[in-house]
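J.: Going down the list, the protein sequences come from chains A and B. When the letters of the first sequence are read in order and numbered with the numbering used here, they come out as residues 1 to 109. When the letters of the second sequence are read in order and numbered with the numbering used here, they come out as residues 1001 to 1117.
To be clear, the hints were calculated from the coordinates, so they are not data collected in a lab. Mixed in with the good hints, there may be bad ones.
Listed next, with one range per pair, are the computed distances between beta-carbon atoms [what the hints assert, rightly or not]:
(1) 1073(B) - 1(A): 15 to 21 Å
(2) 106(A) - 1002(B): 43 to 49 Å
(3) 56(A) - 1079(B): 28 to 34 Å
Derived lysine to any residue pairs resembling SDA-like cross-links, with alpha carbons at most 25 Å apart [claimed, not checked]:
(4) 1013(B) - 1065(B)
(5) 68(A) - 1104(B)
(6) 56(A) - 1013(B)
(7) 1057(B) - 101(A)
(8) 52(A) - 1096(B)
(9) 77(A) - 13(A)
(10) 1057(B) - 30(A)
(11) 60(A) - 38(A)
(12) 1057(B) - 77(A)
(13) 52(A) - 1065(B)
(14) 1013(B) - 95(A)
(15) 1057(B) - 60(A)
(16) 56(A) - 41(A)
This structure is a prediction, so every number in the text was calculated from the model and none was measured. Glycine residues also receive a C-beta, built at the ideal position from the N, C-alpha and C atoms.
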Amino acid sequence: GNSVTQMEGPVTLSEEAFLTINCTYTATGYPSLFWYVQYPGEGLQLLLKATKADDKGSNKGFEATYRKETTSFHLEKGSVQVSDSAVYFCALHQSGLFFGTGTRLTVIP
Amino acid sequence: KAGVTQTPRYLIKTRGQQVTLSCSPISGHRSVSWYQQTPGQGLQFLFEYFSETQRNKGNFPGRFSGRQFSNSRSEMNVSTLELGDSALYLCASSLAVVPLGGYNEQFFGPGTRLTVL
Chain A
1 GNSVTQMEGP VTLSEEAFLT INCTYTATGY PSLFWYVQYP GEGLQLLLKA TKADDKGSNK
61 GFEATYRKET TSFHLEKGSV QVSDSAVYFC ALHQSGLFFG TGTRLTVIP
Chain B
1001 KAGVTQTPRY LIKTRGQQVT LSCSPISGHR SVSWYQQTPG QGLQFLFEYF SETQRNKGNF
1061 PGRFSGRQFS NSRSEMNVST LELGDSALYL CASSLAVVPL GGYNEQFFGP GTRLTVL
């Protein structure tokens, strides 16, 4: 069946640090892959997406590359800000959206 | 354009009761999906509706059901509530069912927080 495994949190970083949140998936075929973000007090919103192998999704300085050979979609940002503090969810779509458990990121000044 | 709205926002029920949650999608969106979010299990897909038909279903017992109306509004029902049904129930809408290998962004509502006592 479909499943997503992402790095356990919480993650605490200082401002301007480099961020990586690992995500691997199990699915048949080639699902679309997503990162969603949930800011404090707000609803879930799409951060970036990739719909086929080797696609790179990017938004707000975040990037993730669809790696078919390693079934991975790791989220990266070169320099995090306090405003990036949120919960990040990796997800795949195949007859429904399947999410990872979420990683809480806290960025301290 | 108004976003996805869910009512009620908070609900308290007791074991054995049933509950109905409502979701109004973004105007023009015809697909509605439901998800359950709990601290232990995370976000789990319940079902997806398009044009009043259930298109996909997650791995939940039959106590969880849903429907979609001709105006695309959707309701989900949970019968014989259990303590473990306490969760945040999220609704998401998109223009249409996502084609295989394709993509239609899903827009999420704020959720209904259900507490079962």
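J.: Would you mind marking each hint as holding or not holding in the structure?
T.: How the hints compare with the structure:
Range check, residue 1073(B) to residue 1(A): about 30 Å between beta-carbon atoms, so the 15 to 21 Å window is missed. Against the hinted window of 43 to 49 Å, the Cβ-Cβ separation of residue 106(A) and residue 1002(B) comes to about 32 Å, which falls outside the hint. Between residue 56(A) and residue 1079(B) the CB atoms are about 45 Å apart, so this pair departs from the stated range of 28 to 34 Å. For the hint pairing residue 1013(B) with residue 1065(B), the CA-to-CA distance comes to about 17 Å; that is within 25 Å, so the pair holds.
A hinted pair counts as satisfied when its Cα atoms are at most 25 Å apart, and residue 68(A) with residue 1104(B) qualifies at roughly 21 Å. For the suggested pair residue 56(A) and residue 1013(B), the alpha carbons sit about 45 Å apart, so the restraint of at most 25 Å is broken. Of the supplied pair hints, the one linking residue 1057(B) and residue 101(A) holds, its CA atoms being roughly 20 Å apart against a limit of 25 Å. Of the supplied pair hints, the one linking residue 52(A) and residue 1096(B) holds, its CA atoms being roughly 20 Å apart against a limit of 25 Å.
With a CA separation close to 12 Å, the supplied pair residue 77(A) and residue 13(A) stays within the 25 Å bound. With a CA separation close to 19 Å, the supplied pair residue 1057(B) and residue 30(A) stays within the 25 Å bound. For a cut-off of 25 Å, the pair hint linking residue 60(A) to residue 38(A) stands: about 14 Å separates their Cα positions. Of the pairs offered as hints, the one joining residue 1057(B) and residue 77(A) is violated, with about 34 Å between alpha carbons and a cut-off of 25 Å exceeded.
For the suggested pair residue 52(A) and residue 1065(B), the alpha carbons sit about 33 Å apart, so the restraint of at most 25 Å is broken. A threshold of 25 Å between alpha carbons decides the hint, and for residue 1013(B) with residue 95(A) the separation of about 31 Å lies outside it, so the pair is violated. Straight-line distance between C-alpha atoms of residue 1057(B) and residue 60(A) comes to about 33 Å, which puts the hinted pair past the 25 Å bound. In summary, the hint linking residue 56(A) to residue 41(A) is not supported, as the alpha carbons are separated by about 29 Å, beyond the 25 Å threshold.
The structure fails hints 1, 2, 3, 6, 12, 13, 14, 15, 16 (numbered hints given earlier, in ascending order).
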